[in-house]
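As you go down the protein sequences, you meet chains A and B in turn.
Quick note on my numbering: the first sequence kicks off at 1 and runs consecutively.
Quick note on my numbering: the second sequence kicks off at 1 and runs consecutively.
For the record, the hints were derived by calculation from the structure and aren't laboratory data.
Among the clues, some could well be false.
[Unchecked claim] The following residues of chain A were derived to be distant from chain B, with all beta-carbon distances above 12 Å: (1) Glu12; (2) Pro22; (3) Lys159; (4) Gly193; (5) Arg199; (6) Ala224.
[Unchecked claim] Listed next, the stretches of chain B that the computed footprint assigns to chain A, with coverage defined by at least 3 CB atoms under 8 Å from CB atoms of chain A: (7) 112-122; (8) 181-193; (9) 308-317.
Note that CB positions come from ideal geometry on N, CA and C, so glycine has one too.
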Amino acid sequence: MRELTYSKALREALTEEMARNPDILLLGEDIGVYGGVFKVTEGLLDRFGPERVIETPISEAGFVGASVGLAMTGKHPVVELMFMDFAYVAADSIFNQAAKMRYMSGGRAHVPLLIRTQQGGGRGNAAQHSQSLETFFTHIPGLKVVLPSTPYDAKGLLKSALRDPNPVVFIEHKLLYNTKGPVPEEEYFVPLGQADVKRTGKDATVVSWSRTVLHALEAAELAAREGIDVEVIDLRCTVPLDINTVLTSVKKTGRLVVAHEAHRRAGVGAEIASLVQERAFDYLDAPIERVGAMDIPIPYSKPLEDEALPGVQHIVRAIKRAAYA
Amino acid sequence: MTFAHADLRRMYRTMLLIRRFEEQAVAFFLSGELRGSLHPCIGQEATAVGAVFPLRTDDYLTCTYRGHGQAIAKGLNPKEGMAELLGRRTGCSQGLGGSMHYTDLSVGLLGENAIVGAGAPIAVGAALRAKLDKTGQIAMSIFGDGAINQGALLEAFNLAAAWQAPVIFFCENNLYSEMTPISSMVGTATLAERAAGFGWTTMTVDGYDPIAVYETTSQAVEHARSGRGPVFIEAMTYRLFGHMVGDTEPYRSKEEVAQWRAKDPITAFPQRLIDEYGFNQAEIDAIKAEVEAEIEEIKRFALESPWPDVSEIAEHMFA
Ligand SMILES: Cc1ncc(C[n+]2csc(CCOP(=O)(O)OP(=O)(O)O)c2C)c(N)n1
Ligand SMILES: [Mg+2]
Numbered sequence: 001m002r003e004l005t006y007s008k009a010l011r012e013a014l015t016e017e018m019a020r021n022p023d024i025l026l027l028g029e030d031i032g033v034y035g036g037v038f039k040v041t042e043g044l045l046d047r048f049g050p051e052r053v054i055e056t057p058i059s060e061a062g063f064v065g066a067s068v069g070l071a072m073t074g075k076h077p078v079v080e081l082m083f084m085d086f087a088y089v090a091a092d093s094i095f096n097q098a099a100k101m102r103y104m105s106g107g108r109a110h111v112p113l114l115i116r117t118q119q120g121g122g123r124g125n126a127a128q129h130s131q132s133l134e135t136f137f138t139h140i141p142g143l144k145v146v147l148p149s150t151p152y153d154a155k156g157l158l159k160s161a162l163r164d165p166n167p168v169v170f171i172e173h174k175l176l177y178n179t180k181g182p183v184p185e186e187e188y189f190v191p192l193g194q195a196d197v198k199r200t201g202k203d204a205t206v207v208s209w210s211r212t213v214l215h216a217l218e219a220a221e222l223a224a225r226e227g228i229d230v231e232v233i234d235l236r237c238t239v240p241l242d243i244n245t246v247l248t249s250v251k252k253t254g255r256l257v258v259a260h261e262a263h264r265r266a267g268v269g270a271e272i273a274s275l276v277q278e279r280a281f282d283y284l285d286a287p288i289e290r291v292g293a294m295d296i297p298i299p300y301s302k303p304l305e306d307e308a309l310p311g312v313q314h315i316v317r318a319i320k321r322a323a324y325a
Numbered sequence: 001m002t003f004a005h006a007d008l009r010r011m012y013r014t015m016l017l018i019r020r021f022e023e024q025a026v027a028f029f030l031s032g033e034l035r036g037s038l039h040p041c042i043g044q045e046a047t048a049v050g051a052v053f054p055l056r057t058d059d060y061l062t063c064t065y066r067g068h069g070q071a072i073a074k075g076l077n078p079k080e081g082m083a084e085l086l087g088r089r090t091g092c093s094q095g096l097g098g099s100m101h102y103t104d105l106s107v108g109l110l111g112e113n114a115i116v117g118a119g120a121p122i123a124v125g126a127a128l129r130a131k132l133d134k135t136g137q138i139a140m141s142i143f144g145d146g147a148i149n150q151g152a153l154l155e156a157f158n159l160a161a162a163w164q165a166p167v168i169f170f171c172e173n174n175l176y177s178e179m180t181p182i183s184s185m186v187g188t189a190t191l192a193e194r195a196a197g198f199g200w201t202t203m204t205v206d207g208y209d210p211i212a213v214y215e216t217t218s219q220a221v222e223h224a225r226s227g228r229g230p231v232f233i234e235a236m237t238y239r240l241f242g243h244m245v246g247d248t249e250p251y252r253s254k255e256e257v258a259q260w261r262a263k264d265p266i267t268a269f270p271q272r273l274i275d276e277y278g279f280n281q282a283e284i285d286a287i288k289a290e291v292e293a294e295i296e297e298i299k300r301f302a303l304e305s306p307w308p309d310v311s312e313i314a315e316h317m318f319a
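Chain A extracted, bound-state conformation:
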């Protein structure tokens, strides 16, 4: 199968869906001539023109809010928030408007709005450009939350998200854009809310998403050398959350590690740990381990950033604690 980068896979999904659905519009900063600072929308202005690829001022509250209006009146806007960290600036438009509109209107208003953004650290972008914020979007009802880890998933999930009539927050990772992987030529979809077993194993389960899945797979290889056979589940979406795939695995392995790049405190890992102990308590042979970023703003200096963010070794240690408990 041909290999594509994560960013190319995303661009293909956007291109195919824009060609199919004339109501899809892109909005964002520097997404036109420059093709976006991460180059995902490169070439789309030439192909679809300035009425469908709309460059915005640096007015996140305004253009996300305007996208809610576009969505309620028949368009399907795809907003690019250049960095996840700027979601705070657009917070009202996202959390009070987009997320609640359908429910508050008794189901009358539809908000088919997709927010594409990228998050994560590891590049020395410091505290205001390195955050992982899926927890906020997962916590506030009304948003679907997607976090692909591979080019295949990125394309398939984005295509599904663009056919979804609800607000979807599609969270990419800045260190995944250049990663490569197989992507079929023929059309395919990855449904929202379906986790994927990325590696099978019998001794312990690691649940993860976004870039941390790559760390989890590496950690699983290292654990295998010590005779621990690890199953790695890529959750892919935190809303809807496919807890059944996790439960099936935990019932087999009896040991669970949840690993994410977002802060550990009150992170989605805590939610998963809670759901698992509610529904599979009797199957657990060890306390559930959580791996996440330290509860500090992401520091700039390399040795500190390396310490603050969860890496392969953090996951290996958690697997061992679970396995030898």
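Go by the hints and put chain B with the ligands onto chain A.
Positioned in the frame of chain A, the structure of chain B with the ligands alone reads:
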């Protein structure tokens, strides 16, 4: 205004130091010593010095990720600035903040900021505090043209006007917000026209002329400090480098850059000092040599500085 020889010397010396500091930072970025993103103020040294020199050390300043020059002009130790870029413990923020978060309360620097527009309300708060406590201090917020479209900044404008806060909003209009021409993102020909609606004093100045920037800002400082309310200044300037290291610059032409480069204040200003202010070439050369020596020292200090200790990673979470 009349300028003392020593003051002009200091202006030129600081401008040159900023240029060389930024060039060194770019070199560190390219050699992999500096990580993350770097937004040099190369080409904008005249606004850094002209806007900040009229302030007192105890006046407050907020600026952006493009604020190294302004921070140095305010009095931040450039050695600590460079060490910060290399993530060292001796950096102005002990390596925690990096390029976009220089902060030094001892010289009134309330921070660069990586969120466009976010510094403006903070400056208004500092100005209000000075007004409430009658300290005689003022605050300045420096930001780019693109920030003029950010909600927090526009709210800050009105707060300042409503509170008659002693604050100067200094807009460096370098024609682009990241890769987007500002002219395509506003409905007025100038940003000063937009700002005028807030009911305060607005000024416009050639940001490539350090003397003009200094004079205009001095008037604004006098205005704000004497209790006559906020001032908005639009300085027309241009960055001679990309938005950040790695910017491929498809959005502007080589000719446009060349036109501005021909007016580069780092070469135009010393010539003017010779032509109009009684400097001679030997003095200019001496300043250049001094700056080169200082840059070597800054470089050495930064490279030889220790890394932060991982055991102290959470030390600065809470007071
Ligand atoms: C709220 C927010 N939105 C977007 C960005 C990304 N961004 C960083 S710099 C920049 C352009 C700012 O342009 P301008 O205000 O003109 O300042 P300049 O870089 O030209 O000095 C953008 C869009 C950001 N940092 N913060
Ligand atoms: Mg600008």
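Next on the checklist: Run through the hints listed earlier and report the numbers of any the structure violates, in increasing order.
Outcome noted: none
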